[in-house]
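The listed protein sequences derive, respectively, from chains A and B.
Under the working numbering, the first sequence is numbered contiguously, ending at residue 480.
Under the working numbering, the second sequence is numbered contiguously, ending at residue 480.
Treat the hints with care, since some could be wrong.
Unchecked claim - Below are the BS3-like pairs computed for lysine-lysine, each with C-alpha atoms no more than 30 Å apart in a straight line:
1. 61/B with 61/A
2. 323/B with 61/A
3. 301/A with 312/A
To be verified - Restraint-style ranges between C-beta atoms, simulated for each label pair:
4. 130/A with 319/B: 41 to 51 Å
5. 385/A with 304/B: 38 to 48 Å
6. 369/A with 400/B: 54 to 64 Å
7. 436/B with 332/A: 34 to 44 Å
8. 373/B with 186/A: 42 to 52 Å
9. 394/B with 333/A: 26 to 36 Å
10. 453/A with 307/B: 35 to 45 Å
11. 175/A with 103/B: 43 to 53 Å
12. 28/B with 468/A: 46 to 56 Å
13. 307/B with 130/A: 14 to 24 Å
14. 333/A with 148/B: 52 to 62 Å
15. 103/B with 460/A: 46 to 56 Å
Simulated from the structure, these hints should not be mistaken for laboratory data.
All C-beta atoms, glycine included, are put in the ideal place defined by N, C-alpha and C.
Protein chains: 2
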Amino acid sequence: MSESFVEAITPRKENFSRWYTDVVLKGQLADYAPVRGCIVVRPAGYAIWEAIQAQLDARFKETGVENAYFPFLIPESIFSREAEHIEGFAPEVPWVTHAGEEELPERLALRPSSETIIGTMFARWIQSYRELPMLLNQWCSVIRWEKATFPFLRTSEFLWQEGHTCHATEEEARARALQMIEIYRDFIEEVLAIPVLAGLKSEREKFAGAVDTYTVEALMQDGRALQAGTSHYLGDGFARVLDITFLDQDSQLKFVHQSSWGVSHRLIGGLIMVHGDDRGLVLPPAVAPTQAVIVPIYKDKTRSWVLSEAQKLAERLRDAAIKVHLDDREAYTPGWKFNEWEMRGVPIRIEIGPRDLEKEQVMLVRRDNGTKEPTSQDGLASTISQRLEAIQENLYQKALKFREANTYQATTIAELSDIMSNHRGFVTAGWCGSDRCEQMIKEETGATIRCISWEENQPDLPCLCCEDTKGKPATFARAY
Amino acid sequence: MSESFVEAITPRKENFSRWYTDVVLKGQLADYAPVRGCIVVRPAGYAIWEAIQAQLDARFKETGVENAYFPFLIPESIFSREAEHIEGFAPEVPWVTHAGEEELPERLALRPSSETIIGTMFARWIQSYRELPMLLNQWCSVIRWEKATFPFLRTSEFLWQEGHTCHATEEEARARALQMIEIYRDFIEEVLAIPVLAGLKSEREKFAGAVDTYTVEALMQDGRALQAGTSHYLGDGFARVLDITFLDQDSQLKFVHQSSWGVSHRLIGGLIMVHGDDRGLVLPPAVAPTQAVIVPIYKDKTRSWVLSEAQKLAERLRDAAIKVHLDDREAYTPGWKFNEWEMRGVPIRIEIGPRDLEKEQVMLVRRDNGTKEPTSQDGLASTISQRLEAIQENLYQKALKFREANTYQATTIAELSDIMSNHRGFVTAGWCGSDRCEQMIKEETGATIRCISWEENQPDLPCLCCEDTKGKPATFARAY
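Just chain A, same shape as in the assembly (with noise of 0.2 Å):
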C-alpha cells in the first residue's frame, strides 16, 4: 500500500511538470475548479499562504505600511485612465455588464491590479505633504483571464498583496520600491529557502504603467525561472492622470510620486519546483504550518500507552512553539502515514513505539536527506529545534548550489540557444539595450531577460544579438 502510494507521483526526470502537478493534486494543495484557469486552494496549500502572509505582513507593518481593502470592480472610465495600463491589461479583463436583469450604466473590470482605484481614492485623500507618505496595503485576489494556466504559478484568479505608495518625491519613491524589492528578496530567501537575483527589468518586461521594475528572480528544478515578486516605480504618471496632487511645504501643487509591490500565491509554485522531490513537497521549516508529525506505532495491547505518550509528547513540543501534529488517525498504517507526510512535505517525522518509549527516545526522520535519528527524550525540544534550523539551511544551500551549477556564461545566440534546448539555467550574457535584440534573442533562443543590474558602472559585455560592444551584463533564462 505504500509503495502504490509513492509511485502515484511521476518522477521529476520522466516529465517535470506532470510531477509538479502530481505533488500539487495529490498532495492536496489544490485542485483544478469548474471555471476555466481557476484552482481551489485546499486546506493543505492555504495553510502555507497563510504562514507566507503573516510573516510578510509583519514585514510591512515594521516598515509603516497599513492594510486596507479597495473594490473588485473598477468602472471602465477609471481603468482606462492610464493609457499603458490600460493596453497592458485589457486582453485579459473580464468585465461585468449586467447585475441580475439590469444593464449597467457602465462596464465594470475586475481587477487585474489596483493602481487606478487606489490612486482615485488617494487623490481625494491626499491634500498636503502632512498626509505624505501614505503607504497602504491589500491581501485580495485579482483576475487576469490567462490562455494558458498551471496551478499557482499563472491562473486566471490568484491571490496576492499589492502595496501602494505615494511620496512627496521621486528619490523617495523609488527608495521605497527598492526597500520593498529588498524585503522580498530577505523573505524569499530567508523563510523560504529559495535564493533569488534581484534586478530589474526591461522596458518589455515592466509592469504596465512604471517607470521602472524591480524584480526577483528564482530558478526551478527544471531550469526554468520563476518571477518570485516585483516592485514598481511608477514615477508620476498614474498621479497626473488621476490628479494625486499635494500642497507641498514650498506652498507649491505637485503630483505624488508613486510605488506599488506584490508578491501572489506563486511563491508556492517556487516552493514545489525548488525544494520537492519524487516522494513530493519539501517545506522548508519557517514556512511549514506543521514542523514534525508524530506518528505512533502501536498494537492492540500497547495502543493507549503509546497514544498517551504521543500525546504528552506533542504537548511539550507545543509548548516549546514547535508546529506539531499528531496524527493518531486509526484508518491507516504507520507506512501509509509515513508516505503521506513526506508527500506533504513536513521537515520532520516523529516515530513513536514501544521500544523507543522504553529507551525513552524516539526516532527522528528528516523530511530533505532522510536521516533516521535515534533520539532522546531528554531535550526533544530543543533537539528538533536545532534539526529545523539545520534543515532550512540545508534547503537553502541546496536551492544555491543548483542555481550556481545552473548558471552560464553565453557569448553568443548559438550557445544560448544550445543551453535553452538542453538543461536550461541562468545565463549572463551581454545585451546592448534594444527591444530589437531583445526580441530577436526570445524568437531565437525562447529565452527571455529575467534582469539587469539596477547598479549602474557595470562591465561592459558584447551584445549576444548585434555585438555591440557597449552591451551589458543581463540574466536570461525561459521563464514560467
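Use these hints to put chain B onto chain A, whose structure you have.
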C-alpha cells in the same frame, strides 16, 4: 480648532444615520468608492476587521475548521443548480460575459455566497465516511448588488467569512450549525461587548436554500436591530443537486448533511452603532487595534525630555502586551490629538507632560466615561490592563441595559406599530407561525421577525395579527 473638530460630527439625536456616516467618514474607517454601493475600508477600519478576523479564526480552528480559497466566479450552470438558492440571489448577482474582447461560452456569476461552487468540490473530494466531517472556511469578499446601501451594513461588495461543512448525519450537521452560532454569540458578546439574542429565523427570513437559519441579533442605539451573524442547517438539499455522496460505514451510499455560516464587516457597523457617542467611535479594548494612545505635552524647552520619557513608557507598555501608540506628530496640538483619538474610539488616552513627569505620574483618560485619573507610573501597565478590562465590562453592561430598557411586549398590531413609529426596540409578541401574518405585520408596522426561540416548549402567546391562541413568542424589530 479642537471645538470645530468635535462639532463636525452630527449629534445622534439630531440625525442618527448622519451621525453614523460622520463617524465612518471622519473617523476614516471607510470612504465611498467610485463604484455603486461599494466602500473602501480604510486602515482604521481594516485594523478592526483584522482584529475580528484573528480572534474568530482562532476560535474556528480550535473546533477543527480549516481555511481554503474558492473561485470568485461561479459558472451559471453550477450557480443555478439549487432552485431556492438561485431564486434568492439572482436579482443581485452581477454577471461576467466577456474577458477582454472574447465572449465567454457561459456567463459567470460573481459569488454572493459559495454553497454551489464549494459543494461542487465537496462532491469531488468526499468518497467515504473517512473524509467526514469536512470543515472548511474562507475569508473573502462577496458581491450582492443591493439597491439601498449603507457603509459596512449593506454594501454591494463586502468582506466576510463563510464556513461550509459536510457531515454524515443530520444530527451532526445541526449540531455544527448551532455550535457556530454559539461561537458567534460568544465572540460578539465577549470581544465586541455587544449583547445579542440568538434564535431561529422564520421561513421568510431564512437563507436561500437552507432548512433552518440560526441568527444572532443586536440592538442599535436608534432602536433598530442588526442581524450580526447567521448559521444555516442546509439539510441535504445542496448535496442532492450537486451529488455530494459518501459511502457510509454500513456500505450504503448517502447524501451528506451540510451547514454554512458567516459574519461580515457589518460587525464594524454594529460596533459603531452600539458603542459610539457624540464624540465618535468607542471601541471595546478587546477589539481595539490601539488600546491606549500616548499624547505628549511639551514646550520647546521640555520637548526632548517629554518625548524620550513617552517613548520609554510606550516600550514598557508594549512589553506588557498593551497595544499602545505614541502620537508624536509635530504638526498637531495636544487638543487636536485628544479629539482625533476620541473620535477614533481609542479606549484610553495617556497624557504625559512635565508636571506629570515631575510627580512620576501620567493622566489616564477613559474614552467610555471620560473620567480623568492621575496615575502613578509605578505599576502603570497593570493599572492600564485593569482599566481596559473595566472598560470592556462597562461597555457590555451599558449595551445590555440599553437593550433591556428598549425591549417591550406587544399584544396588538397597534401597540407594535406605536413602538415602531416612536422609540423602536425589540418587541416580544405572539406569532401563529404563518407567512401571511408575518407579512401583514411587516406591512403595517415596518417590523420583521428577527428571531424565534429554537427551544421547544415555548409558552403559548396569542398571535399579534390573527389572534390564534396557539401562537408562540417571537422577537420583532425594524432592522438594518
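Item to complete: Would you check the hint for residue 301/A and residue 312/A, treating anything up to 30 Å between C-alpha atoms as holding?
Response: Judged against 30 Å, a Cα distance of about 19 Å means the pair holds.
Worksheet entry | 52 to 62 Å as the expected CB spacing between residue 148/B and residue 333/A, which holds or is violated | Holds: the Cβ-Cβ distance is about 59 Å, inside 52 to 62 Å.
Practice prompt. For the range 34 to 44 Å, tell me whether the beta carbons of residue 436/B and residue 332/A fit it or not.
Written response: Violated, since residue 436/B and residue 332/A (Cβ atoms, about 55 Å apart) do not stay within the stated range.
Worksheet entry | Consistency of beta-carbon spacing, residue 468/A to residue 28/B, with hint 46 to 56 Å | Holds, at about 54 Å.
Item to complete: Note whether the CB distance of residue 175/A and residue 103/B lies within 43 to 53 Å or breaks it.
Response: holds (45 Å)
Worksheet item: Is 26 to 36 Å right for how far apart the beta carbons of residue 394/B and residue 333/A are?
Response: 57 Å Cβ-Cβ, so the 26 to 36 Å window is violated.
Practice prompt. Can you let me know if the beta-carbon spacing of residue 369/A and residue 400/B is within 54 to 64 Å?
Written response: Holds, at about 60 Å.
Worksheet entry | Distance restraint between residue 323/B and residue 61/A, which requires alpha-carbon spacing of 30 Å or less | holds (14 Å)
Worksheet item: residue 453/A and residue 307/B, beta-carbon distance inside 35 to 45 Å?
Response: holds (42 Å)
Practice prompt. Take a look at whether the Cβ-Cβ distance between residue 130/A and residue 319/B falls inside 41 to 51 Å.
Written response: Taking Cβ atoms as reference, residue 130/A and residue 319/B lie about 31 Å apart, which means the hint is violated.
Worksheet item: Do residue 307/B and residue 130/A keep their Cβ atoms within the hinted range of 14 to 24 Å?
Response: For residue 307/B and residue 130/A the Cβ distance comes to about 19 Å; the hint holds.
Worksheet item: Is the straight-line distance between the alpha-carbon of residue 61/B and that of residue 61/A 30 Å or less?
Response: holds (25 Å)
Comparing the model with each numbered hint stated earlier shows that hints 4, 7, 9 do not hold.
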